[in-house]
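Model the full structure from these sequences, guided by the hints.
Protein chains in written order, with this note's numbering: chain V, 1 to 190; chain F, 1001 to 1457.
It should be emphasised that the hints constitute simulated quantities derived from the structure, not laboratory data. Be aware that one or more of the hints could be misleading.
[Claimed, not checked] No farther apart than 20 Å at their CA atoms in a straight line, the calculated lysine to aspartate or glutamate pairs in the EDC-like style are these:
(1) 1292(F) - 1054(F)
(2) 1292(F) - 1248(F)
(3) 96(V) - 123(V)
(4) 119(V) - 1248(F)
(5) 1148(F) - 110(V)
(6) 1140(F) - 1310(F)
(7) 119(V) - 1359(F)
(8) 96(V) - 1359(F)
[Claimed, not checked] One side of the interface only, derived from the structure: several residues of chain V facing chain F at Cβ under 7 Å:
(9) 49
(10) 50
(11) 52
(12) 53
(13) 58
(14) 69
(15) 77
(16) 83
(17) 84
(18) 96
(19) 98
(20) 140
(21) 182
(22) 184
[Unchecked claim] Footprint (simulated), chain V over chain F, 3 or more residues, beta carbon under 8 Å:
(23) 1092-1100
(24) 1242-1252
(25) 1348-1359
(26) 1403-1410
Backbone N, C-alpha and C define an ideal beta-carbon position, used for all residues, glycine too.
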Amino acid sequence: MNDLPLFRLILTVAGELRKRKSWTGETHVQKVGYFLQDLFGVPLKADYILYKHGPYSFDLRRTLSAMRAYQYVDWQPNPYPYGPTLVEGQLAETLKRFTEEPAEYRAKIDFVTEWLGTKRVAELERLGTALYVTLSEGAAPQDRATRICELKPHVAPAEAQEAVAELDNMIVRARQQGLIANQVAGGGAQ
Amino acid sequence: MPDNRQQSPREWDFRQASMSTKLHEIRDPIHAFVRLDSDERKVLNSAPYQRLREIHQLALTYLIYPGATHRRFEHSLGVMELAGRMYDVVTNPENLYDDSVRRLVPNPQSFDYGYWKRVLRMAALLHDVGHLPFSHAAEKELLPAGWKHERLTYDLVMSDYLAPTLRQIKVGPEDVAKIAVGPEKHPAKAEYTEWETILSEIITGDAFGADRMDYLLRDSLHAGVSYGRFDHFRLLDTLRILPRSREDSKEPTLGIVRGGLESAESLLWARYFMYTQLYFHPVRRIYDKHLKEFLQAWLPGGRFSTKVEDHLRVTDSDVLSAIRSCDGDEAKPGHESARRIARREHFRLVYEMNPADQEVNPNSVDLVEKALNEKFGADHVRRDTYIPEVEGVDFPIYTRDGRILSSLSMSKTLQRVPDFAVDCVYVDPQIRNEAESWLAERRDQLISGNDKAGTAK
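What follows is the structure, given as structure tokens:
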């Protein structure tokens, strides 16, 4: 009754992050998951809320906890100032043997992990918040940046503007590659 | 004296209220005394809170551990007491080590300081008022789609049963409801400030939430299972709000100073052992399943009402009375499940998930369940799958040299705390022996017989 295809999908995402030299901490997995699901339509069965420093899914956290219970993943500690890395667990190979690779999402996973994998944590938090504001409110870049600062007072206005600009750039590139629908907000009118 | 009744709670001087009320003490086996003032006692005396006297903390666990008859009533009092003590420690200016945290925490001389302490204590007191009879975990099946007990808690706090009393004692019902249910379970997905999120974490946090601390200690005491004990006095004194300090991020969360690490390790192992020894006891789990089936048959439409008036009317006493009644009359709905509970004729465990079989086939429990269903009929087989919502072994620690490190990098003990899941198959006691023999003869073959996409090897 465990959700093997979902577990395989997350195992693949984590693997792609590590392949790109990301330290693959919880923030990376959470924020990459948010982009994949809410912008690119990859189903992670994760309901996201705007948490302390950006979008966060308790569902995804529970899924990771389940995967650790089944020994498909584990958390490996890192030296200061890095948090633990999500690595393959003892039964990861068994999971791979019994599930198909998520080929239909391969291009989207590659795109998102390439774009976000090596970003620093605070940057991911700002980009994630920028996407949250863009998807929930749309609006012009300056208005979205202002909204980010309202929601997260620790973010400086220049950082918020930078995050919105980068997000819009990402959306344009993803559209050009046919990875997201044209009607998704951000990135200028289509 | 000015008339403050028309003012919003935030405009009113909370400290003035505190001075005008009397302090009361309630004896408690865990915390020695739970203290509350006359204003807070008005909330304690409300109908939604008094109902918790008739909601067992651990459902039917007392059928296995006879001492576990304690109720949500005393647990919630304990959570309030702990949350208040935690607030005092983590907001003490001497315990604020980083500007990112100082900017969040109100000054102890300010109005906000007293206001939020009272909000927190009331949220802690009321956090469980939405629980269904027997604190039932099967909310998905027993409530309409999208409902959980937290939504009932929210509705009750905002209802005429509680909101006027809360306003009278000068706290905003919306603030109390928000902190009680937390950002994940808020029915309208409201946005929380960092401070509100931290307050909510003080109640429901994974590692150090007052809810978890109290239930481990209390359940351990009443069930007679000593694994749940830990040095909560030391842990409380060492709690801090710390920035997580991941690279350049300073997300605030609850952590500890180095001196509390051993108490934290003890808490997290206590949680693991309590889950494996008590909360996931296979007989407790199957009683929960029989109870769910009884409620589905007995309740009108198979579900609990979500109207607060109806919710307040139904307690464990009503359900127990119905179980007795239905057990004695074959014609009544739920007779079969009532009989299994009342006469201890519960289903028996025949197979549980284990790493050895999982290594051969991650679908091992599915395959065993399917085979038993085909051989003996689905009416004689039950499956119980559950993954607990527990996390929290990774938290920040303020070290003796002034750095903030991840607990996982500081403690090999915490690295080894397992996550765990339950996945079990039970059968009717009447076929237990036959099913066990039948399964023993073909279990290995069943489990090794399938691979990717369920095709035979």
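* Hint numbers contradicted by this structure -> 2, 3, 5, 7, 18, 20, 21, 22 and 23
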